[in-house]
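> Line order of the protein sequences matches chains A and B. Position one of the first sequence corresponds to residue 875 (my numbering), numbered consecutively onward. Position one of the second sequence corresponds to residue 875 (my numbering), numbered consecutively onward.
Hints are computed from structural coordinates only; laboratory data are not their basis. Among the hints, a few may not be true.
Note that the list lumps identical chains together, so a pair holds whenever it fits in one copy or between two copies.
As the list claims (entries may be wrong) - Within a straight-line C-alpha distance of at most 20 Å, the following computed PhoX-like cross-link-like pairs (lysine-lysine) qualify: (1) 907 x 877; (2) 1119 x 1148; (3) 1148 x 1180; (4) 877 x 995; (5) 1148 x 1136.
Since the structure is predicted, the reported quantities are computational estimates derived from the model, not experimental observations.
Number of protein chains: 2
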Amino acid sequence: MLKIIVDAMGGDNAPAEIVKGALQALRERKDFKLVFTGMEKAVAAELKKYKYDASRVEVVDCAETITNDDVPTSAVRTKKDSSLVVGLRLLKEDEEAGGFVSAGSTGAVLTGGVMLVGRIKGVHRPALCPALPNVRGTQTLLCDCGANAECKPAYLSQFALMASVYGKTAFEMEKPHVGLLSNGTEEHKGDPLHQEAYALLKQTAGIEFAGNVEGRDIMYGDVDVVVSDGFSGNVALKSIEGCGKMVATVLRSSFASSLGGKLAYLRARKYIGKLTTALDYSRYGGSVFLGLKKVVVKSHGSSKAKSICPSVIQAVDACRGNLIGEISARLETEIAAEQE
Amino acid sequence: MLKIIVDAMGGDNAPAEIVKGALQALRERKDFKLVFTGMEKAVAAELKKYKYDASRVEVVDCAETITNDDVPTSAVRTKKDSSLVVGLRLLKEDEEAGGFVSAGSTGAVLTGGVMLVGRIKGVHRPALCPALPNVRGTQTLLCDCGANAECKPAYLSQFALMASVYGKTAFEMEKPHVGLLSNGTEEHKGDPLHQEAYALLKQTAGIEFAGNVEGRDIMYGDVDVVVSDGFSGNVALKSIEGCGKMVATVLRSSFASSLGGKLAYLRARKYIGKLTTALDYSRYGGSVFLGLKKVVVKSHGSSKAKSICPSVIQAVDACRGNLIGEISARLETEIAAEQE
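Work the whole structure out from these sequences, hints included.
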């Protein structure tokens, strides 16, 4: 049976919310097993709080935890008994293991993913790819949103390929339209990296390149995939996050400012809730780390159970949709074409 | 008397909304004159609709208009009788002229500003600097948000200087705290450009450097000035714009979805309006193009009267606050220090 490994110690709300969320996913999907890596006592104490099918849950004890204060590269090398390193090793070595979910240090997940799980043959650089809500009511994939601060044009073209495959296998996008994130829609926009990437994307077979897009187009949703270097993709993602917080804060203080406001809120709550839901991209899970030999999902550091649950399901779906096989096949075609 | 020149033909809603908004500003402030550049007949037809002090309004007839379809550099060179070129020439040549406002092509305003008005001595690259609303209820200055897709570390350090001066002279920021937009808050984050810019900003005298910030910090407002290369600054600005549109669209459709929603909206409208106002950064005017010898304000291409009015007032305030003089003085100190 498919195993999804969950880093029980990663993130601000570990292990309580991690265990809770993963067990929710276990109830929703019957076709996988959970393997928690983490301090056994702490995890067991959380598990005790819930009813679940014990035959589908396993705990692998680890003595260490990697935190945000650790330097990723050295932490992955030295903290060999950490929940993250043990989890990623298991992912690599256990044939039944298909996916790994962590809300821990992004840097450590990225470094560990590349070092311990390894890249798919032909992948220049794996990339983080979250799904963001858009005005159309669907999702826009943003790739890369932070794994690679420095990029070459060829990386961006591969991000487009991998994210397109991801869109097809996991989001029912038939022919994902790909936009290149730039500072304007005209072809000549951007710095040399983006101008060269534009030229390369135009020639990339197997993707539907729609030209340059701007930051606003991520949420407008006119394209399905937005390709970006990891630096500006991260800026876009975090800017949207900041805007979401601004919305929540202003609405709260506005309605709380008077009795009339509080009364109006009682009636409006339901409708405003749709906005909160629409802006909350954690309900789609985390960011998939595309380009590794197995499925790795990075959930937000502040994840609670309601984001861990979709992250685990996201990992299950990616395995069921054969994400890794599809990306490998796509890249093999690519490599074969280049050698011709 | 101080003259503010307004490009009556620039933007999607020219000349009607431009004339309307500029006249609103004329009513609000008594200490300046308006000079419209544009097709005299069209401008006069709009002016006719309003009552205003004719002794404070002048129209300079121009036969041409630069559009977004024009290539900025060649348009500025060849369309010599366009509202933009005539306006910028007037700004340079007329001693009383202190500021210029346009909602026209950003590229043409930038190119025209540099070519026709010129840079302040010592300025590497002028930069666009809008004021964005933040959770604290104040504004965050974002510089550069699109004038320079390619930057060097020294440019970013100067953006910090210029935006800090702007914050002091126009926003009552006593000691503006400056953050560097990056893909994480740690010092080592970013590509070489941003790592070098970090090192340089740490040594830049006369600014309060607070380290790296992320996209979300623009709206969190923990710093007063966010310095960025023009590429990622533009991505941030546009991402926030897209998020704002998402909010408006979701709220509209949510409340419109049922009779109960429509009724709830009647009571909630006032409170939701505060959100719309909070997110609408055009109420602060446009982006000031910092580093030119006179004040140039770029208003959003879709500007209506309610954004043109604050843009004109912004130009008046910048002149009154001696923005140009202060930036020049600051850079002279800088140049003197470098020569020692």
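> Hint by hint, note whether the structure agrees.
Hint check:
1. Taking identical chains as interchangeable, the C-alpha atoms of residue 907 and residue 877 lie at most 20 Å apart only when both belong to the same chain, with a minimum of 5 Å there against 73 Å between chains.
2. For the identical chains of this complex, residue 1119 and residue 1148 are neighbours both inside a copy (15 Å) and across copies (15 Å), given an alpha-carbon limit of 20 Å.
3. Taking CA atoms no more than 20 Å apart as the test, residue 1148 paired with residue 1180 passes inside one copy only; the shortest distance there is 16 Å, against 29 Å between copies.
4. Proximity of residue 877 to residue 995 under the C-alpha cut-off of 20 Å is found in neither arrangement, the shortest distances being 23 Å within a copy and 65 Å between copies.
5. In this assembly of identical chains, residue 1148 and residue 1136 lie within 20 Å of each other by CA distance both inside one copy and across copies; the values are 18 Å within and 14 Å between.
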